[in-house]
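Line order of the protein sequences matches chains A and B. The C-terminal position of the first sequence is numbered 458 in our numbering, with every residue numbered one higher than the one before it. The C-terminal position of the second sequence is numbered 458 in our numbering, with every residue numbered one higher than the one before it.
Derived from the structure by calculation, the hints contain no laboratory data.
No copy labels: a pair is met if it fits in one copy or bridges any two.
Okay, derived cross-link-like pairs now, SDA-like style, lysine to any residue, Cα gap no bigger than 25 Å in a straight line:
| id | residue 1 | residue 2 |
| --- | --- | --- |
| 1 | LYS283 | PHE375 |
| 2 | LYS224 | LEU51 |
| 3 | LYS10 | GLU217 |
| 4 | LYS224 | ASN32 |
| 5 | LYS57 | LYS224 |
| 6 | LYS224 | GLU254 |
| 7 | LYS25 | VAL206 |
| 8 | LYS186 | ARG146 |
| 9 | LYS271 | GLU217 |
| 10 | LYS186 | GLU122 |
| 11 | LYS165 | ASP203 |
| 12 | LYS57 | ASN226 |
| 13 | LYS165 | GLU86 |
| 14 | LYS224 | GLN72 |
| 15 | LYS186 | THR174 |
| 16 | LYS224 | PRO49 |
| 17 | LYS165 | LEU190 |
| 18 | LYS283 | THR416 |
Protein chains: 2
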Amino acid sequence: MAEHTISFDKTLSKLLEEKKYQTLKDVMVTMNGADIAAVFEDLDQDRTPLLFRLLPKELAAETFTELSPELQEHLIRGFSDRELREVVSELYVDDAADLVEEMPASVVKRILAQADPEMRKEINEILRYPENSAGSIMTTEYVSLRPQMSVAEAIQRIRRTGVDKETIYTCYVTKDRRLLGTVSVKDLLLAADDNTPVSEIMDENVISVTTLTDQEEVAQMLSKYNFLALPVVDTDQRMVGIVTFDDAMDVLVEETTEDIQKMAGMLPSEKTYLRSNAWDLFKHRIPWLMLLMVSATFTGMIISNFENALAAQVALTAFIPMLMDTGGNSGSQASVTVIRALSLGELELNDLPAVVWKEIKTAVLCGVALASLCFLKIMLFDRMLLGNSGISIMTAFVVCATMAVTVLIAKMVGCTLPMLAKSLGFDPAVMASPFITTIVDALSLLVYFGIASALLFG
Amino acid sequence: MAEHTISFDKTLSKLLEEKKYQTLKDVMVTMNGADIAAVFEDLDQDRTPLLFRLLPKELAAETFTELSPELQEHLIRGFSDRELREVVSELYVDDAADLVEEMPASVVKRILAQADPEMRKEINEILRYPENSAGSIMTTEYVSLRPQMSVAEAIQRIRRTGVDKETIYTCYVTKDRRLLGTVSVKDLLLAADDNTPVSEIMDENVISVTTLTDQEEVAQMLSKYNFLALPVVDTDQRMVGIVTFDDAMDVLVEETTEDIQKMAGMLPSEKTYLRSNAWDLFKHRIPWLMLLMVSATFTGMIISNFENALAAQVALTAFIPMLMDTGGNSGSQASVTVIRALSLGELELNDLPAVVWKEIKTAVLCGVALASLCFLKIMLFDRMLLGNSGISIMTAFVVCATMAVTVLIAKMVGCTLPMLAKSLGFDPAVMASPFITTIVDALSLLVYFGIASALLFG
Numbered sequence: 001m002a003e004h005t006i007s008f009d010k011t012l013s014k015l016l017e018e019k020k021y022q023t024l025k026d027v028m029v030t031m032n033g034a035d036i037a038a039v040f041e042d043l044d045q046d047r048t049p050l051l052f053r054l055l056p057k058e059l060a061a062e063t064f065t066e067l068s069p070e071l072q073e074h075l076i077r078g079f080s081d082r083e084l085r086e087v088v089s090e091l092y093v094d095d096a097a098d099l100v101e102e103m104p105a106s107v108v109k110r111i112l113a114q115a116d117p118e119m120r121k122e123i124n125e126i127l128r129y130p131e132n133s134a135g136s137i138m139t140t141e142y143v144s145l146r147p148q149m150s151v152a153e154a155i156q157r158i159r160r161t162g163v164d165k166e167t168i169y170t171c172y173v174t175k176d177r178r179l180l181g182t183v184s185v186k187d188l189l190l191a192a193d194d195n196t197p198v199s200e201i202m203d204e205n206v207i208s209v210t211t212l213t214d215q216e217e218v219a220q221m222l223s224k225y226n227f228l229a230l231p232v233v234d235t236d237q238r239m240v241g242i243v244t245f246d247d248a249m250d251v252l253v254e255e256t257t258e259d260i261q262k263m264a265g266m267l268p269s270e271k272t273y274l275r276s277n278a279w280d281l282f283k284h285r286i287p288w289l290m291l292l293m294v295s296a297t298f299t300g301m302i303i304s305n306f307e308n309a310l311a312a313q314v315a316l317t318a319f320i321p322m323l324m325d326t327g328g329n330s331g332s333q334a335s336v337t338v339i340r341a342l343s344l345g346e347l348e349l350n351d352l353p354a355v356v357w358k359e360i361k362t363a364v365l366c367g368v369a370l371a372s373l374c375f376l377k378i379m380l381f382d383r384m385l386l387g388n389s390g391i392s393i394m395t396a397f398v399v400c401a402t403m404a405v406t407v408l409i410a411k412m413v414g415c416t417l418p419m420l421a422k423s424l425g426f427d428p429a430v431m432a433s434p435f436i437t438t439i440v441d442a443l444s445l446l447v448y449f450g451i452a453s454a455l456l457f458g
Numbered sequence: 001m002a003e004h005t006i007s008f009d010k011t012l013s014k015l016l017e018e019k020k021y022q023t024l025k026d027v028m029v030t031m032n033g034a035d036i037a038a039v040f041e042d043l044d045q046d047r048t049p050l051l052f053r054l055l056p057k058e059l060a061a062e063t064f065t066e067l068s069p070e071l072q073e074h075l076i077r078g079f080s081d082r083e084l085r086e087v088v089s090e091l092y093v094d095d096a097a098d099l100v101e102e103m104p105a106s107v108v109k110r111i112l113a114q115a116d117p118e119m120r121k122e123i124n125e126i127l128r129y130p131e132n133s134a135g136s137i138m139t140t141e142y143v144s145l146r147p148q149m150s151v152a153e154a155i156q157r158i159r160r161t162g163v164d165k166e167t168i169y170t171c172y173v174t175k176d177r178r179l180l181g182t183v184s185v186k187d188l189l190l191a192a193d194d195n196t197p198v199s200e201i202m203d204e205n206v207i208s209v210t211t212l213t214d215q216e217e218v219a220q221m222l223s224k225y226n227f228l229a230l231p232v233v234d235t236d237q238r239m240v241g242i243v244t245f246d247d248a249m250d251v252l253v254e255e256t257t258e259d260i261q262k263m264a265g266m267l268p269s270e271k272t273y274l275r276s277n278a279w280d281l282f283k284h285r286i287p288w289l290m291l292l293m294v295s296a297t298f299t300g301m302i303i304s305n306f307e308n309a310l311a312a313q314v315a316l317t318a319f320i321p322m323l324m325d326t327g328g329n330s331g332s333q334a335s336v337t338v339i340r341a342l343s344l345g346e347l348e349l350n351d352l353p354a355v356v357w358k359e360i361k362t363a364v365l366c367g368v369a370l371a372s373l374c375f376l377k378i379m380l381f382d383r384m385l386l387g388n389s390g391i392s393i394m395t396a397f398v399v400c401a402t403m404a405v406t407v408l409i410a411k412m413v414g415c416t417l418p419m420l421a422k423s424l425g426f427d428p429a430v431m432a433s434p435f436i437t438t439i440v441d442a443l444s445l446l447v448y449f450g451i452a453s454a455l456l457f458g
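In isolation and in its complexed conformation, chain A is listed as follows (with noise of 0.2 Å):
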């Protein structure tokens, strides 16, 4: 598909520059929103406009909602009012409520004003919740049935009112506000009978979030029961909105993002790559960076401790690459494989027994193969072949005990710390790869002099 959205960029830009505006405007109502928006962002910010006002009306929304925020607000800026009023009324409210988050202040003043009263208020609503709530996600736009309906005047209330509802394939029977039950199209299509009331046919076992429930929960819930959409309610339990699932599926890629960038030693940044300059970049890497440096010093420590050892048996330090190194990996993959499963649901805190005892014996078979072969590689490699007689069999035997204790402590820090975390409130995905490494160092050379004191300068 990209590619086809890079040669109907050419075209695009070829007829622009020809002025062929009728062309141009019927090639782009073949056109998704999401590929407009595409091409519209690799143009000229400047030709944007006149392309914009070629579009039809939903299509034009459609495509809006797409666009990079410095997009839209480039667009809005060169808008007329009456223009502005035409593309947010077609706006649904949790996009209009995403765009209002996004603009600066002067923006949202001249969008608001446009949009009619009722749109206005919901939009303030939702944005009354907090950041990444199911609330701040959530559209007001849904379509709701009484219970005492029948089936024909439910489908009936659906075509009169459904064309402004962002889904209308779930629909939610309420009374005073309150939720009793969802019926879908389907079972309202496929009933025996068109004047069966909906509330025999509705399903009373609903499955609802509230406004403050995480939007990472609501998304995990919306992709474990296969739903289209979950209704929203108020500490009341009045229903107020519903999260439909390509909000969530927006909603697990962000997330996901998100937690790959903590673990990897960065501030998360809702920006793209491509989008970041270096600045940017530099802003949201530069602190674990130097944070992470500044607590290498205690490595550095340990070692100059034991520079009188080393000095004396200069081929120990060959060796403190690979134990680290191995230690590192071995302590990064235990935290990645918790931390992920922790964002997925999969772990609770109360398995954390488990988990130590399945890593512990997973660090031993790790341990064990990791120092035979280092053994093997010493006496084999280091010693007959480079001839480095300097390396006696102690040496290797120290460094081969080294090696297996570091997988065990890596490990076991590995997968404790991730938890810990949790359980304390802060995010796990924090106590990945570089973290862990920068303790499993430090413990690894504690373990490797402690045990090159005990056995080779005893």
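Guided by the hints, dock chain B onto chain A, whose structure is given.
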């Protein structure tokens, strides 16, 4: 929701012990298949067949689909042929195909024997497609309409045939099995005139995938366009099935987990953490650990080569971990960012020059900041506070210059290797932290000793 499941757990176990089967049934029918499956997984396996038999047919199938392969196999082995037939006939074709793929040959034989001939044919068709292709995750159960049908006839057809279809909300207009357009139930219900032919209201700009399209690409398209389902066509452009959004969400989550596992130096595994035993974990973790350990031989060799220099300037050794860690962290920040952007489709291979240039600028900013902080740290902490007079200003300069150069190299290696891997047809995710760390370790030591030789021993 997790708490709900846990408390249900106890209730159901208790009811089961007391043989209160009617109550059990009454409780379970209020639950969702996914939740019942979660309870089943926690129960003693031998008690599940009894509970399963209490479920009404449709809920039984829904629950069955959500169970782990181990428990599915256990249940099937206990089923009579009639029971197996009942469950299989209620499954959607794509779920049945998944089941057949997971089960051992003897069980597969029984399943296929109990499936009706039509379903058996469709299962076999799906299984013919390569793993991770659109064909392998599609379902063949969709609503097809003819172009000349009126809106009323279309709705009639949905009401008559919809009960067995995985989604009825997007219908596919075909002629001689060739896909002409799509029409949603929303369009049908909201159409002004019941006599309008479907061909007039259908959307002819159909976005489709082929049976061989990669499942990750399919999932990203569904997420990009916010579709409920995407049609799948064969090489002759004939429609063969659809991929629905719920399967796409599962694919997104699975593929991301695989990416994360690879990025942390593990072979990807489809088993959840709690279901993997220590041996499984060992098998997935040890190959990369061994490979990386052995490749650390190079770093060891570099250090050995400079043993004499290190013996003369023991203070240099203490900074090795800090330089290696900072290099590794800088490199993995770049590689992980690029890998994620590649897998989200935000980056293409021809963006490489732009990426390298951006990383160079970021590296210069990070390098200067880190080197300055490092110089301050050495001067104030190591020399003044710890009184380590062995560290000359020249040594501090060597360390800081190495730091800046290492960060630059690390960011360059980190951003280019994943893109190179992709252009060679490999998975970029394996080029993440551990791999980059090993390369950067060796390079940073070479830089360190190079600069030290020139400035300290020159």
